[in-house]
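A.B. asks: Just need the whole structure built from these sequences, with the hints factored in.
Each protein sequence line maps, in turn, to chains A and B.
In terms of our numbering, the first sequence opens at residue 109 and continues consecutively.
In terms of our numbering, the second sequence opens at residue 109 and continues consecutively.
The set of hints was computed from the structure by calculation and includes no laboratory data.
Note that the structure is predicted; figures quoted are calculated from it, not measured.
Just to be clear, a hint being listed does not mean it is correct.
Heads up, the list lumps identical chains together, so a pair's fine if it works in one copy or across two of them.
Lysine-lysine pairs mimicking PhoX-like chemistry, simulated, CA-CA at most 25 Å apart [said to hold, decoys possible]:
#1 193 / 144
#2 230 / 147
#3 144 / 230
Number of protein chains: 2
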Amino acid sequence: MNFADRLIRESVRKNSKICVGLDPQLDLLPPELLVKYGKTPSGIGRALFEFNRGIIDSVHDVAVAVKPQIAFYEQFGIEGMRAFKKTIKYAKKKGLLVILDAKRGDIGSTASAYSRAYLGGKEAAFPVDAITINPYLGADGILPFLEHCKAHGKGVFILVKTSNPSARELQDQRLESGVPVSEHLAAMVRKWGLELGGTLGYSSVGAVVGATYPEDAKKLRKIMPRAIFLVPGYGAQGGTAGDMRHFFNEDGHGAIVNASRSIIYAYRTSGKPFDVAAREEAIRMRDLINAALSARDAPAGERP
Amino acid sequence: MNFADRLIRESVRKNSKICVGLDPQLDLLPPELLVKYGKTPSGIGRALFEFNRGIIDSVHDVAVAVKPQIAFYEQFGIEGMRAFKKTIKYAKKKGLLVILDAKRGDIGSTASAYSRAYLGGKEAAFPVDAITINPYLGADGILPFLEHCKAHGKGVFILVKTSNPSARELQDQRLESGVPVSEHLAAMVRKWGLELGGTLGYSSVGAVVGATYPEDAKKLRKIMPRAIFLVPGYGAQGGTAGDMRHFFNEDGHGAIVNASRSIIYAYRTSGKPFDVAAREEAIRMRDLINAALSARDAPAGERP
Chain A
109 MNFADRLIRE SVRKNSKICV GLDPQLDLLP PELLVKYGKT PSGIGRALFE
159 FNRGIIDSVH DVAVAVKPQI AFYEQFGIEG MRAFKKTIKY AKKKGLLVIL
209 DAKRGDIGST ASAYSRAYLG GKEAAFPVDA ITINPYLGAD GILPFLEHCK
259 AHGKGVFILV KTSNPSAREL QDQRLESGVP VSEHLAAMVR KWGLELGGTL
309 GYSSVGAVVG ATYPEDAKKL RKIMPRAIFL VPGYGAQGGT AGDMRHFFNE
359 DGHGAIVNAS RSIIYAYRTS GKPFDVAARE EAIRMRDLIN AALSARDAPA
409 GERP
Chain B
109 MNFADRLIRE SVRKNSKICV GLDPQLDLLP PELLVKYGKT PSGIGRALFE
159 FNRGIIDSVH DVAVAVKPQI AFYEQFGIEG MRAFKKTIKY AKKKGLLVIL
209 DAKRGDIGST ASAYSRAYLG GKEAAFPVDA ITINPYLGAD GILPFLEHCK
259 AHGKGVFILV KTSNPSAREL QDQRLESGVP VSEHLAAMVR KWGLELGGTL
309 GYSSVGAVVG ATYPEDAKKL RKIMPRAIFL VPGYGAQGGT AGDMRHFFNE
359 DGHGAIVNAS RSIIYAYRTS GKPFDVAARE EAIRMRDLIN AALSARDAPA
409 GERP
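C.D. replies: Encoded structure:
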């Protein structure tokens, strides 16, 4: 089934617009996990997976998707990649979509190799549902991924406006035509998405639009009405629930909001077990975003 | 030692400006390797490494560096990554610099995790000498890598103008200031490189500039006089030895030219064993580029 359709159906079924980032950092993990398995490569791999499994178990019915950031697994080498592979398998088993944050960007046979690795069918080494990709190389770096999206019901989220402060250095630069780079790319994303539309009105070619730039989101929403926005930067990076209304369409769809640190490391401020704290924080985030979207639909006088 | 210094010393010692891309594709490998080990994941991993070892053995004194493209290992999962790890270790043992073509691009703690994985000191999971990185996210995606460059004598090559046809779609767009995106980035690369200058006049912050765009190289050379250019797209993609003079400075340094398919798969047209064919083709490429650079230095009347 088309990826956009799958994502929206799960979002409706769970009444949720949230995605939980699985970004395990050794210095932020519950220390008892590292004590339990030891700081050898295979011990670290086990600790990463046990942590992720705990998070997945506690958010699987609250979140639509998880978003592992592959850098946090690559840094632990072969054992890290093993933990990554086990994590994506487990997340799927628990009914979560898996959006891989890898920001890959290359051309031709190289792009095909990346795409095969993550979006391929049975031959995929690390099969996920969607992947983030970087558009700096133009269509040559995008189209090979779309082939696998079509063949296997997968999706991509193309970086358009990232959540970080220095996103401005290139993405906000105005072209001679007067539009900023991010909007120039947004028009390309819309075009690339035309062939991957689902039955529910959205395309499997989505865009990354940072929660920290709600004013940009308003404009980008108009340029890419059928793209699903993957929205990083909520929570720890500063995006708020109130801002989120700019990322969604009037139909209440069109975005999935990610939080990583504020959920998976919630135990560090709450003092509760990490899985309990993560669930509470995920529920809070889900409800805040749902409330913000409902408020938008209410008559102006009744908005909070 | 500073990466730029290391690269130039090796280039002088070997009288070579070339880099060999290690991009193993199953359908292009010598079939006997796959027959020998079988098409299981571990068999494929062994075949990849045996192929790479053969290439490394035959070009180690001809090339300055090898450039594994990590996508071709990721696509084979854990066993592919194992073959990658063995390959980089073996290449170093044979006196080659290893430039990882990974085009990573992310921010903050994620960028640090990537950097630690590849450019870290003893804690690096896959230690290489330099890595290609993508500038779409601005300084937030670059500076974390430079920390490891400083601490461990490593280098980066930032994508400025890639070799593919659709590089134009974003990289050639003119900004309001009149300069194209690639030149805007080149100015940033120069600035980022200031803190990483070596004793031989070059910086460990290099740039990727495609062999297929010699006219751009001329301009970019002026904007980034101290950056070493990693030049993909020679050979199979169309860049010629004659074009290469635009990528080097007057001192004969400032670039390293990569070829992948035209060297490692030379056996497919020559009919010789793959390692013999690769060596012959690497020597031919080295000599052609050296000749083109010598011709440039000759009085105009004597140029070929």
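A.B. asks: Look at each hint and say if it fits the structure.
C.D. replies: Taking the hints in turn, this is what the structure says about them:
1. For the homomeric pair residue 193 and residue 144, the shortest alpha-carbon distance inside one copy (21 Å) is at most 25 Å, but the shortest distance between copies (28 Å) is not.
2. In this assembly of identical chains, the alpha carbons of residue 230 and residue 147 lie at most 25 Å apart only when taken from different copies (15 Å versus 34 Å within one copy).
3. In this assembly of identical chains, the alpha carbons of residue 144 and residue 230 lie at most 25 Å apart only when taken from different copies (24 Å versus 35 Å within one copy).
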